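Chemist: Each chain, written out:
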Amino acid sequence: MFNKSRNATALEKSGPVEEFEGRSLWHDARIRLFRNKAAVGSMIILAIIALMAIFAPMLSPFEYDEIDWGYIQEGPNWENGHIFGTDGNGRDLFIRILYGARVSLAVGLLATAVSLVIGVTYGAIAGYFGGRIDNIMMRFVDVMYSLPFMFFVIMLMVVFGRNIFLIFVALGAVEWLTMARIVRGQTLSIRRREFIEAAHATGVSSFKIIFRHVIPNVLGPVIVYMTLTIPQVILTESFLSFLGLGVQEPLTSWGVLISEGAKVIEASTWMLVYPAIFLALTLFCFNFIGDGLRDALDPKDR
Amino acid sequence: MILYAFRRLMIAIPTLFIVITVAFFMMRAAPGGPFDQERVLPPEIERNIKAAYDLDKPLVEQYVIYLGKILRGDFGPSIKIRDFTVAELIMAGAPASIQLGLSAIVLALVFGVGLGTYAALHQNTKTDFAVMGVAMVGIAVPNFVMAPLLSLIFGVYLSLLPTAGWGGGDLKYKILPIIALALPQVAYIARLTRGSMVEVLHSNYIRTARAKGLRERLVVIRHAIRGALLPVVSYLGPATAAVMTGSVVIESIFGAPGIGTYFVKAALNRDYPLVMGVVIVYAVLIIFLNFLVDMVYGLLDPKLKTQ
Chain A
1 MFNKSRNATA
11 LEKSGPVEEF
21 EGRSLWHDAR
31 IRLFRNKAAV
41 GSMIILAIIA
51 LMAIFAPMLS
61 PFEYDEIDWG
71 YIQEGPNWEN
81 GHIFGTDGNG
91 RDLFIRILYG
101 ARVSLAVGLL
111 ATAVSLVIGV
121 TYGAIAGYFG
131 GRIDNIMMRF
141 VDVMYSLPFM
151 FFVIMLMVVF
161 GRNIFLIFVA
171 LGAVEWLTMA
181 RIVRGQTLSI
191 RRREFIEAAH
201 ATGVSSFKII
211 FRHVIPNVLG
221 PVIVYMTLTI
231 PQVILTESFL
241 SFLGLGVQEP
251 LTSWGVLISE
261 GAKVIEASTW
271 MLVYPAIFLA
281 LTLFCFNFIG
291 DGLRDALDPK
301 DR
Chain B
1 MILYAFRRLM
11 IAIPTLFIVI
21 TVAFFMMRAA
31 PGGPFDQERV
41 LPPEIERNIK
51 AAYDLDKPLV
61 EQYVIYLGKI
71 LRGDFGPSIK
81 IRDFTVAELI
91 MAGAPASIQL
101 GLSAIVLALV
111 FGVGLGTYAA
121 LHQNTKTDFA
131 VMGVAMVGIA
141 VPNFVMAPLL
151 SLIFGVYLSL
161 LPTAGWGGGD
171 LKYKILPIIA
181 LALPQVAYIA
191 RLTRGSMVEV
201 LHSNYIRTAR
211 AKGLRERLVV
221 IRHAIRGALL
231 PVVSYLGPAT
241 AAVMTGSVVI
251 ESIFGAPGIG
261 TYFVKAALNR
271 DYPLVMGVVI
281 VYAVLIIFLN
291 FLVDMVYGLL
301 DPKLKTQ
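Residue numbers (our numbering), protein chains in the order written: chain A, 1 to 302; chain B, 1 to 307.
Any given hint could be a false lead.
Unchecked claim - Each pair of labels, with its calculated beta carbon distance range: (1) Val-134(B) with Lys-263(A): 21 to 31 Å; (2) Gly-244(A) with Asn-124(B): 41 to 51 Å; (3) Leu-161(B) with Ala-267(A): 18 to 28 Å; (4) Ala-130(B) with Arg-30(A): 27 to 37 Å; (5) Asn-135(A) with Gly-165(B): 45 to 55 Å; (6) Leu-161(B) with Gly-88(A): 34 to 44 Å; (7) Ile-164(A) with Asn-204(B): 47 to 57 Å; (8) Lys-265(B) with Gly-131(A): 40 to 50 Å; (9) Gly-131(A) with Met-1(B): 19 to 29 Å.
It should be emphasised that the hints constitute simulated quantities derived from the structure, not laboratory data.
Since this is a predicted model, take the numbers as computed values, not measurements.
Every residue gets a Cβ at the ideal spot worked out from N, C-alpha and C, and that includes glycine.
Based on the sequences and whatever the hints tell you, model everything.
Modeler: Right under this line is the structure:
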């Protein structure tokens with residue numbers, strides 16, 4: 001009796017066991033995530049927006065840089081095909097919003113990927129080695145934290161011109177700090193665990209331990225934070241575009257469209273409202289998914 | 001505590017130094033200079049002008065000269081806005097920026113903590129969902145969208161408040177910019193407060209407080225808020241940074257005469273001294289407020305106090 005219960009707790013502690021079908025951490029989390037209506041709805045909406053962005057040219061009879069001289073800055077009208085109206089240059093707003101979605105989503109995903117790579121590696125190394133290395137590395141993060149980063153990014157845009165790849169790198173380079181802190185904390189808590197020591201004892205190199213054993217085991221919080229970083233980056237890109245430092249004409253992004261709309265808001269409200277709805281909806285969805293993932297992966301509620 | 005304050009201050013100084021250095025060299029790395037224009041100046045005149053601003057010297061020497069001047073509190077003259085020194089421009093713009101920024105932060109704190117606590121006390125009821133839904137809108141609608149919408153609704157449709165301008169600092173001109181700056185932060189703080197409040201309300205010391213028969217109101221005010229505020233206080237650092245950067249956009253949308261409006265224009269015009277001045281002022285504000293936040297955190301967090 002006593003033995004049996006001890007075995008049971010030992011089994012539980014050993015974490016995910018493959019034989020018990022459907023009881024692994026990730027499977028559990030997936031079930032819980034799909035039970036969350038807000039998160040599922042958000043995923044569907046995001047998927048639709050992403051598909052619309054990918055297949056944009058097929059969804060509209062107009063080109064994103066085509067000027068329709070007959071309809072300059074005209075309101076939404078289903079009869080002439082400009083369902084969201086046209087902008088000040090007579091370009092169809094609907095197709096421009098979809099092309100803007102391409103830029104905004106691409107920036108969001110790529111910059112987050114950059115921050116993910118830097119942050120996870122940095123945090124895992126600091127946490128795994130600990131001691132003085134950890135101390136120096138995290139002090140550096142502290143100092144970086146207190147810099148007025150947006151001003152540097154703005155200056156960077158001014159210095160190197162409006163280069164879209166630079167936006168990815170610059171935003172990624174800003175956003176990795178929190179990621180590094182999260183991963184470091186998680187790494188600290190698992191680096192003394194048996195499976196790490198076992199790997200160490202069998203002669204696996206530190207580099208391999210970090211990438212094969214540490215990082216896969218801290219992925220939960222990383223994924224949650226990643227879903228929350230994407231909207232953050234999209235927002236920052238829009239902010240830069242709003243200031244006139246984003247992508248260049250005739251290409252566009254949601255921030256550019258919003259800034260054009262904001263200038264003529266009294267005469268042509270639609271030029272602000274439609275791109276703003278797309279932006280807000282996307283940010284909404286990512287935040288809901290992030291919240292849903294956090295609830296799904298948080299062991300406290302289980 | 002004093003030692004802790006001292007150590008934090010010791011980090012602030014090198015941070016400021018890094019800001020100045022990075023900003024200086026980044027600005028100078030930009031192609032083009034302040035005197036690029038349509039009209040080509042005769043070379044002698046251009047040389048004289050450059051000499052007047054020390055721009056003819058090697059970059060490192062300029063940097064050393066600049067650092068020396070900064071230490072003496074001299075930000076130099078603005079290159080593009082004739083007859084004004086950077087210090088004068090900043091002194092003229094700072095009151096508006098600081099008023100807007102500080103009011104926005106205070107507003108965000110009061111409403112954010114209030115709403116968050118209220119939602120946490122009514123966890124999983126309709127009020128909770130309503131408050132958190134509104135907070136989500138605040139997060140998803142960026143301030144540069146909110147600002148023109150607010151000015152359209154309250155300024156044009158309802159004609160309650162001026163759409164833009166400053167009116168010599170009249171209160172009614174400040175209401176919309178402050179709200180636009182504060183809203184996203186109200187939303188973040190409300191969500192943070194609700195999350196930590198829910199957690200704190202389930203903790204043992206709150207159960208103890210309730211068990212000894214304390215009224216619910218006192219449990220919340222005297223015991224729960226203190227614990228629940230910790231994450232909010234540590235968020236205040238990033239929040240001030242966000243409000244400061246937000247003010248760059250909000251000021252130009254509402255035409256408020258703050259220092260944020262200078263920044264982008266000056267950077268695009270390569271007005272080196274003005275860009276540097278604005279960056280330094282913002283950096284000092286952010287670093288100083290971060291320092292204050294850390295001090296408050298130290299006072300609130302019993303774990304830090306004993307160290």
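Chemist: For the range 40 to 50 Å, tell me whether the beta carbons of Lys-265(B) and Gly-131(A) fit it or not.
Modeler: Holds: the Cβ-Cβ distance is about 48 Å, inside 40 to 50 Å.
Chemist: Does the Cβ distance between Leu-161(B) and Ala-267(A) fall inside 18 to 28 Å?
Modeler: holds, 20 Å
Chemist: Cβ-Cβ distance between Ile-164(A) and Asn-204(B): within 47 to 57 Å?
Modeler: Because 52 Å falls inside the window, the suggested range holds.
Chemist: Tell me if the beta carbons of Val-134(B) and Lys-263(A) are separated by a distance inside 21 to 31 Å.
Modeler: With Cβ atoms ~28 Å apart, the hint holds.
Chemist: Given the range 41 to 51 Å, decide if the beta-carbon distance of Gly-244(A) to Asn-124(B) lies inside it.
Modeler: With a Cβ separation near 45 Å, Gly-244(A) and Asn-124(B) satisfy 41 to 51 Å, so the hint holds.
Chemist: Determine whether the Cβ-Cβ distance between Leu-161(B) and Gly-88(A) falls within the hinted range of 34 to 44 Å.
Modeler: Because 27 Å falls outside the window, the suggested range is violated.
Chemist: Does the Cβ pair Ala-130(B), Arg-30(A) satisfy 27 to 37 Å?
Modeler: At roughly 29 Å between Cβ atoms, Arg-30(A) and Ala-130(B) fall inside 27 to 37 Å, so the hint holds.
Chemist: Is it true that the C-beta distance of Asn-135(A) to Gly-165(B) lies inside 45 to 55 Å, as the hint says?
Modeler: With Cβ atoms ~51 Å apart, the hint holds.
Chemist: Within 19 to 29 Å or not, the Cβ separation of Gly-131(A) and Met-1(B)?
Modeler: holds, 27 Å
Of the numbered hints stated above, the single one contradicted by the structure is hint 6.
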